[in-house]
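Colleague: Chain residues, written in single-letter form:
There are 2 protein chains.
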Amino acid sequence: MDEFELIRRYFARSGRDPSIVLGIGDDGAIVRPDPDRELVMVMDTMVEDVHYPAGLDASDIGYRAVAVNLSDIAAMGARPRWMTLALTLAGEDAAWLDGFSRGLFEAADEFSMALIGGDTTRGDQTVITVQICGDVPPSNALRRSGAKPGDDIYVTGSPGDAAAGLALWQGNNLRNEHQRQLLRRFARPVPRVALAGELAPHATAAIDVSDGLFADIEKLLVASGAGGVIEIDDLPLSAALLAVQGRESAIELALAGGDDYEIVFTAQNTRTGDIAELSKRYAVQVTKIGTVTRGNALKCQRAGREIAYRHAGYRHFAGAADD
Amino acid sequence: MDEFELIRRYFARSGRDPSIVLGIGDDGAIVRPDPDRELVMVMDTMVEDVHYPAGLDASDIGYRAVAVNLSDIAAMGARPRWMTLALTLAGEDAAWLDGFSRGLFEAADEFSMALIGGDTTRGDQTVITVQICGDVPPSNALRRSGAKPGDDIYVTGSPGDAAAGLALWQGNNLRNEHQRQLLRRFARPVPRVALAGELAPHATAAIDVSDGLFADIEKLLVASGAGGVIEIDDLPLSAALLAVQGRESAIELALAGGDDYEIVFTAQNTRTGDIAELSKRYAVQVTKIGTVTRGNALKCQRAGREIAYRHAGYRHFAGAADD
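Chain order of the listed sequences is L and Z. Per the working numbering, the very first residue in the first sequence carries number 223; after that it's consecutive. Per the working numbering, the very first residue in the second sequence carries number 223; after that it's consecutive.
With the rest of the complex left out, here is chain L (with noise of 0.2 Å):
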């Protein structure tokens, strides 16, 4: 199967999404933006044993893979329109092939995205790298740098599930409901995009959870020039997660765990109403976490004392970090 039957077969589909002039097929897409917006392009690689276990179900990598770009996306308050995927290949496996594109076109489907183009090729292992184009109304894009001194620290969905469920499937410990539910959360991220779509008025900064919240937060208030702290009792530990793991494994894993794909964002205190209807309109936990203060240090706190919390990083694949 050569390359042009490899993108044919998996790749190609005819799409009705008028802004795309020319999809897959020639050296380059064509697509129209719309004129009052301004693009906010996203990429992100993936790679085998890396970033994924290679075993994992290949339409949960075509997903993820998707998702995690999505994800991006959410964090900068976006709407997501057209997508490239560079796929590098050790070798050809129909079944993981159609697995894999399978679960890309259901991430994609699902948020109203194409795939417009891309580049298939050999190498070693598996690389996957999405770049995803979204629009967004002129200055209304979501930064990591608008945190201010007394702003509120939300995070949406249970942070600590993915890096728990990743675990369990390298230990293969996935015998009850519990504990599926937190490999799903590793396997198909839920991109916060729809909810995120909608935080410009009211957030002051964002940005997604894919290295660990607090190392995640701290890149948000290092870019707003800000300090925090994080109410460990406050942190919205899922039940599955709890159950499987206890309450302080389940804070480490919640503070520390990575590829959660949640929205961290920051916002005025008198915004408390508008994101609690935000939280219920779309379904979405999104709980108050912290407060943003001065100076450039965040701390965790836990009965109103701060404790020590180093993080020390529990990453089971030592990649470098997602941006």
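Honestly, I wouldn't trust all of these hints.
Said to hold, decoys possible - So, partial list: chain L residues that the calculated Cβ filter (under 8 Å) puts toward chain Z:
no., residue
1, D239
2, V243
3, D248
4, E260
5, Q347
Stated by the list, open to error - Derived list of chain L stretches under chain Z, where covered just means 3 residues or more per stretch with a C-beta under 8 Å from a C-beta of chain Z:
no., segment
6, 253 to 259
7, 302 to 315
8, 358 to 365
9, 476 to 488
Claimed, not checked - Some chain Z residues well away from chain L (every beta-carbon gap over 12 Å; in silico):
no., residue
10, D271
11, F333
12, D341
13, G526
I should point out that these hints are in silico values taken from the structure, not numbers from a laboratory. From a predicted model like this one, the values you see are computed outputs, not experimental measurements. Every residue gets a Cβ at the ideal spot worked out from N, C-alpha and C, and that includes glycine.
Fit chain Z to the supplied structure of chain L, relying on the hints for placement.
Modeller: Just chain Z now, kept in the frame of chain L:
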């Protein structure tokens, strides 16, 4: 050196491009497109030891990674605007990264294009994916599909040089200026962006030559639903290629060699004068090498006689074809 330090040291540069609202450093980049233009998206991957030899000069690898994508932008008749880079590295090599980023920015600067984002990861081998977003006035993009029987077939530059240069590098045969000139054609391909950007009123179809002249003309003709004839004696063989390889081997390399990153285009025969004028204005050799015919076969002809030609594939690296 973590990812952030690596990006800061080698890839983050402050630019003055007013179309860039937000560059490297957030979850995504924000750009402001021209409201009256369509966007053209291209993406090409280079895998170490598949698409280039690992020992090639790092600055050449960086330059080439950008240039092969600019060649796709040229083949679409577009103007390059913004670039994203996914870089998977097997290890940390400061000298390599220094050279690679230098070459990458040389190519980007030459074509007034900014690096706005991307991702760096660890893997078993170097994998470089570049995505470029360009723009073009509505309906002005060149496609593969518009060639009509009777059209002339043109090629820019001198095909075959790059494949010869790569073979010389591999054989450690770089003793004279001709040999070094041929290697340079592999290491630093010249994307024909300026000339191709003016082809829209004249050309009926275009493609860039990455897999080999014969194979790529064939792709253009398949997309156009036509056949064609290549006049072997009209192939523009460079003095360097003839000196190093002799005529028969030069012809074979020109037809099948690959890695040329020249542009093949077709035009009605009433356009001869316009095309000669463009060739002169941009100081780019443009040569008529054949004719589009009815049918669906691409043939070669020499001294009025059809000659057998099978593109057996003169490819040192047996990677999947580039798009």
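Colleague: Could you run down the list of hints and mark each one as holding or not?
Modeller: Checked hints:
no.	hint	in the structure
1	D239	violated, 14 Å
2	V243	holds, 6 Å
3	D248	holds, 5 Å
4	E260	holds, 5 Å
5	Q347	holds, 5 Å
6	253 to 259	holds (count 5)
7	302 to 315	holds (count 5)
8	358 to 365	holds (count 4)
9	476 to 488	violated (count 0)
10	D271	violated, 8 Å
11	F333	holds, 15 Å
12	D341	violated, 5 Å
13	G526	holds, 33 Å
Checked against the numbered hints above, the structure violates hints 1, 9, 10 and 12; every other hint is satisfied.
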